[in-house]
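**Q** Residue strings, one per chain:
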Amino acid sequence: MSQTLNTKRAQRNSAGPYGKIGQSLNELDDRLGIAKGGRTFLDKIFPDHWSFMLGEIALYSFVVLLVTGVFLTLYYVPSQDLTTYTGSYLPLYGQKVTEAFASTVNLSFAVRAGLLMRQMHHWSCDIFVGAIVVHMGRVFFTGAFRKPRETNWVIGTTLLILAIVNGFLGYSLPDDLVSGTGIRIAYSIILSIPVVGSYVAFFLFGGNFPGTSIIPRFFILHVLIIPLVILALVGAHMGLLVRQKHTQFPGKGKTENNVVGTPMYPVFMAKTTGFMFVVAGAIALLGAFAQINPIWQFGPYTASRISYAVQPDWYMGFLDGALRIFPAWSFHSFGHTIPLEVTIPAVIFPGILFNLIMAWPAIERKFTKDNAMHNLLDRPSERPKRTAAGVAVAVLCAMLFIASSTDVIANFFHVSLNTVLWAMRILCVVVPILAYPITYKIAREMQGFAGAGKRKTTNIVTRTLEGEYVATPAPVYVDDLTHEHEPDAVPVPTYVVVGESSQDDETISGVRRVPR
Amino acid sequence: MSEHEQRTPVQLNSVSADDPRLQPAARRPELVEKVIALTFVLGIVLIAGFGAAYWVNAAPWTLGATFGGGLTLMGVGLIAWGKYLMPRGPFVEERHTMASSDEERNAFAAAIVERGGGVVKRRKFLGGLLGAGMGIFGVVAAFPLVRSLGPLPKGTLFHTDWAKGTYLVDITGRRVHHDDLAVGSIVTVYPEGLENTDNGQAVDQTVLIRISNENFVTQKGRETWGPSGYLAYSKLCTHLGCPVGLYEQQLQLLVCPCHQSMFDVTNGCIPNFGPAPRPLPQLPLQFDSAGFLQSQSDFNQPVGPGFWERS
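For the protein sequence lines, the chains are U and C, in the order given.
Using the working numbering, the first residue of the first sequence is number 1, and each one after it goes up by one.
Using the working numbering, the first residue of the second sequence is number 1, and each one after it goes up by one.
Bear in mind the hints are in silico, worked out from the structure with no lab data behind them.
Where hints are given, some of them may not hold.
Chain C regions said to be covered by chain U (calculated; three or more residues, Cβ under 8 Å) [unchecked claim]: (1) 15-22; (2) 117-127; (3) 263-275.
For glycine and all other residues, C-beta sits at the position ideal for the given N, C-alpha and C.
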């Protein structure tokens, strides 16, 4: 019978309606039972709002970090042993430098695409932390952290802390003059912790500063331990996201019990993969055209040398600013010293800040007594107190960030350092305190408008013959209403029948027929 | 017969190709398709260009421009494909409540509390022993892990390598003579023999300044510490240990570039600006018979930033 025939057609027919791919999927399903869950995953809906893209920036810059980081580990030597630099950068030729410094300069100048990879790595780190912060702002101000997503908020905050710590460690690895000074400061901050500070510092650094273990220890933390934790937490972050599904802004057809938007496959997949390319491409362009951390200009680290106008990477700025403006309140008594001028701004303040951020979902629930599930997002103006509190904290951090460049400001505007310091001390207290009531007021005012937050219609201002100006609302453009004409959302169809029109063309208004 | 053939085919829910939600968002899809194709072609050209640039070892910016430009163009094209040419939706997905039924919840809680907890409750003594064992193991395992990382601080933070009769040398190892510095000059000095060591650089570093005796306030008990206007102060800022590397000659101030603490050289290096809480420790100086500078002893205080054990 036909069994004996072994034509391609026969093979295709025996493979079932979806061919070889279908067959292998069935084989997989026989063993793993993936069909149901896989289908649900393909149909996962992603909301279309642009603000959901911020977390993607963080994710994809992390991917760039991993790829470029692996490249760098192939050439970087994590050692503080002294060597004589004999590479191609002449100003350093013949100088005694550490292996770490020499290998970083060499991988920048002697390795093909090395400089590009290094600059991409540094840029993607700055973008990674930045994207996390902005993404966090979106989650905070729209109330996306509320039940059931408190755990993911805590994971996200932990990721921010780890990103900052790992950024600092990586920034220190080249062992250049600027980063070495940063390590010296970090050592002193650890030293300032009451009771255990000197022990913690000695154990972390393997002795008194600088010792010979910092670079190897920072290296293994930076390239293995912390990235692994970050990777695991990113996995958990994504896993919870899929399990709990996305939040969404209120809108047509959107309820607490559904998600409206774009399906995972293939639409979102195309968009997000494209976006990954764009993020990586933008970082590559930055790496190509915007110089970052030119360590050969700073020179190798020597404990008794220092450079003027040194600033850390941006995400450490708020701590540096806090250290600059905090008064010299050292506590000496009972035979002990608590260097409050360091402990408060660099240990207690960030401790309170990050604990407050982590605990915020619980704190808010305490005040609102709201224990319900929330899948629809708030507009920031709908929750004036939360928005005001968030703005106050953000403004405080921004002011401290500005305070981290008091010397540069004084130099640039030709004012005395004393004036700048005192201005920043006052501003760091006053501006956040003012930010709260102002934000609160603005949010309350916005609540009063019908359709607040939507696009405003244009006014046409005309001058009458008497010279009076009259504003009349312009007619609404049809474009503005297309959202209202949007068809109702349906579940993602299983498969598409081509050529069998279910409705006549004329009955569907505004639909273009397209040959596919 | 294979298993698949035994299954009865089922009807899948289908949708017509002209369903409005399956239409592309673009008004003129053919045009958009051409634009995307152009973007892809340009992207491919740039990525191939990156390969060529890498091959000939071109300048880093060429590598970055071709690589970044190519990736960006491919990405933009792909996003545009997804956004304008794929089904525009909207589509919806139902959310299912996370919470299980009461029965399932009770069964789960009962399994944990009764089945496991009951076993422990019946054998409290064993449970206690196990807990104690794990606790002790944790402490014992953590102790060497932590303790092996570094030495105990002991007195390290209190002392430097300066002692009675240590010669002051500059970074090249040359001793400093009475006639070496003009008034208003400054040099960083180290204990002789330690100028190129980690400890000498990081802990013992000292600024030697020669000032004129006018306007100089001698601190009580330090009358003999600064012979011939030579003053030596620890170079470690008392705020966070940065080298106090800037000397404002007109104002006779030592300035820390990290957080702008300023120390008054004419008055025992007492901080008069910024976050530093204490004066820079001073190193008592003397001349040997040949006129070379020596330290009389260690610094009068522990150098560098504050820590708990410091009184």
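**Q** How does the segment 117-127 of chain C fare against chain U when you require at least three residues with a CB closer than 8 Å, holds or violated?
**A** It is violated, with 0 qualifying residues against the three required.
**Q** When I compare C-beta atoms, does the segment 263-275 of chain C have three or more residues closer than 8 Å to chain U?
**A** Three-residue rule met by the segment 263-275 of chain C, so holds; n is 4.
**Q** Test coverage of the segment 15-22 of chain C by chain U using CB-CB distances below 8 Å; three residues minimum.
**A** holds (count 8)
Hint violations for this structure: number 2 only, all remaining hints satisfied.
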